[in-house]
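Asks: Please work from the sequences and hints to get the whole structure.
There are 2 protein chains.
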Amino acid sequence: MKQEFRRKHILKLLDKNEVVSIQELVSQCSISEITARRDLTLLEKQGLLKRTHGGATRNYSTTEMIGFDTNALDHQMQKINLCNLASTLIEDNDTIYMDCGTTVFYLARFLPKFKNIRVITNSLPIVLELLPYPNIVVNLIGGELDNSLKAFYGSMTESLMARYKADKAFIGTGGISLANGLSSNSEKSALVTLKMAEAASKVYLLCDSSKIEKDSYFNFSGLSLIETIITDNEISQERIDLYKEKNINILTT
Amino acid sequence: MKQEFRRKHILKLLDKNEVVSIQELVSQCSISEITARRDLTLLEKQGLLKRTHGGATRNYSTTEMIGFDTNALDHQMQKINLCNLASTLIEDNDTIYMDCGTTVFYLARFLPKFKNIRVITNSLPIVLELLPYPNIVVNLIGGELDNSLKAFYGSMTESLMARYKADKAFIGTGGISLANGLSSNSEKSALVTLKMAEAASKVYLLCDSSKIEKDSYFNFSGLSLIETIITDNEISQERIDLYKEKNINILTT
DNA sequence: ACAAAAATAATCATATTCTATCAATTAATA
DNA sequence: TATTAATTGATAGAATATGATTATTTTTGT
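Line by line, the protein sequences are chains A and B.
By our numbering, the letter at position 173 of the first sequence is numbered 173, and the numbering carries on one by one without gaps.
By our numbering, the letter at position 39 of the second sequence is numbered 39, and the numbering carries on one by one without gaps.
Any given hint might turn out to be false.
Identical copies go unnamed one by one, so any copy, or any two together, can satisfy a pair.
Said to hold, decoys possible - No farther apart than 30 Å at their CA atoms in a straight line, the calculated lysine-lysine pairs in the DSSO-like style are these:
(1) Lys168 / Lys45
(2) Lys16 / Lys115
(3) Lys16 / Lys244
(4) Lys8 / Lys113
(5) Lys188 / Lys115
These are computed hints drawn from the structure, not numbers from a lab.
Replies: Structure (C-alpha cells):
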C-alpha cells in the first residue's frame, strides 16, 4: 500500500473505530511495526491523531460541539446516555433520519463506529459533527436557515423530505402526553419532524423524561406516529405501562 | 497517449481517487517513470495537485476547500481584495447566488453591511460565516455532502438550483481561457456552478489572475456564460482588451 | 516493588524513488 | 527535406522510505 494512501487509511480507520493499534496497521497495510509507528508519529505532528502506547486515538479537539447555545446543556448527561441506547437500534448499512435539536444531536457521536451509514437531516450541527467521517454519507435537506435553531425549514425542506425514504427516523419533541400526543414549541420544526416520521419505516422518539406527560403549545401529531420512546431511567413503571397499553414501547437507560 | 490528454487523464484520476501513483501512470499511459514525474511536477506548479513520494494527491487549497493551509495564504489577500471589489456590485434587497470555493467565500465577509440580502449557496463554510447575521437570509441548497470540499452536490442539488432564481451569481472556476472558456478540476462542482449561473440574471466570475488563460481538465462552459470577471491587478492590459473583444468586462482591484 | 512482556527508540542495511545530465525520438517550421 | 525545438527516455548518484536487529523504556501482572 502506497505511503499516502496508507496514511489516509489510518485516518479512515480512526474515524470508524476511535482507536487503532500498531498490529492492525501491520496486518492491514502489510508494513513493519516501525513503519506503522513512523506514520503515527508523523500524523500526530500534523495534529490529526493522538499517539498512545501500542497505537493511536482520534484527536477530539476537532470534534467539539459547534452551534448550540449554553442552555442546551440542560439534561446533557441524560441525553448522551439515551442516545447511546438509541444507537444500539442502528445497524450497518442503515439509512436514518435525524431530527434537529439537542437531544437527537448527541446520537451523531455514536455513529462513526458503524459501516456505511447514510444520514438525512436538516440540522446544521449534525452535519458539522459528521463532516470528518468519510464512512458516513450525509444528505442535508436544505431550505431557509433559521439562525437561532441552526437548522433548515420551510416548504422546500418539507417537500424534499417526502423524496428521501429511510429505514429509521430519530425524532425529538417539545412534549408528549397520552391525552394529546406530540407537541412542539415551534410550528415549523414540528412540521419538519412530522414529514421525517412519515418518510421512515420505523420511528423512534428521543426525549428525556422531563418531557413526558408535558404539552407544548403546538400539537402536531397523535401517538400513533411513533412506535418506541427512548428516554432516561427517571420514569415510573406505571407510566411505562400506560404507554404500553397504547402500543408504545419505552426503552430506558 | 498524447501529452495534453495524458495530463487531463491524471487530473481525472485524482478527481475520482484522491491519490495517484507513478506506477499507475506508467502502466496506464505507457510512459516512463521520468515522464510521469515530469507531468506531476508540472501540474503541481500550476497548483492542480500536490506531489508526494511515489505519486501525487489532490490539491484542495487552491481549488475548493476552506482549509486555510499555509500555501493558501499567498493568494488570500488578493482574494479578499477582489471580493471587496465584487461587493460593490451588490445592492440592498438583492438575492445572490454564491458558489463554493475559497475565492467566493471571502465575499461573505462583506455582506453584513447590506440590508435585506438573500444568499443562496451550496457551500457549508458560507452558511457558517453568515449564521450570526439576522439581516441576511440564507438558503442552503442541500444534497449529498462532500466531506473534503465541504459543500453539497449531486442531482438533487443541481435540480433545486433551477427553482431558485437570483439577481446575481458570484461564481468561481478552476481556469478560464479565450480558447476553451471555463474549466474545473472537479466535475461535480462544475455542474453546480453551471446551474447557478443559469439561474441568475447577471453572472460575475471571481478569480485571481493566475487562473486566467489556464485550463483545468473538465471544460464546462463557453465564455458566454459570464458577463464580467473580477480579478486582481496582476493582469496585462492586452489580456483585458482581448476579453473585451469577446464582450467580457474585466474589473481589477 | 519486581520481573516478564510488550512497545519504543536507535542503528544500520536494503529497496525504492527522485534529481540531474545527456542521448534519442518525435514534432514543428522554414 | 533539412533544421530546430520540444518531448521523451536512459543512466547514475543522491535522497527518501522501509525493514531487521538490538538496546532501552514503558506497561502489566503478581
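Asks: Compare the structure with each hint and give your call.
Replies: Structure-based check of all given hints:
1. Taking the shortest alpha-carbon separations for Lys168 and Lys45, neither the intra-copy value of 33 Å nor the inter-copy value of 44 Å comes in at or below 30 Å.
2. Both within a single protomer and between protomers do Lys16 and Lys115 lie at most 30 Å apart by alpha-carbon distance, with minima of 8 Å and 21 Å respectively.
3. In this homomeric assembly, Lys16 and Lys244 never come within 30 Å of each other (Cα to Cα): the closest approach is 36 Å inside a single copy and 51 Å across copies.
4. In this homomeric assembly, Lys8 and Lys113 come within 30 Å of each other (Cα to Cα) only inside a single copy, at 17 Å, whereas the closest approach across copies is 37 Å.
5. Taking CA atoms no more than 30 Å apart as the test, Lys188 paired with Lys115 passes between copies only; the shortest distance there is 25 Å, against 33 Å inside one copy.
Of the numbered hints stated above, those contradicted by the structure are hints 1 and 3, listed in ascending order.
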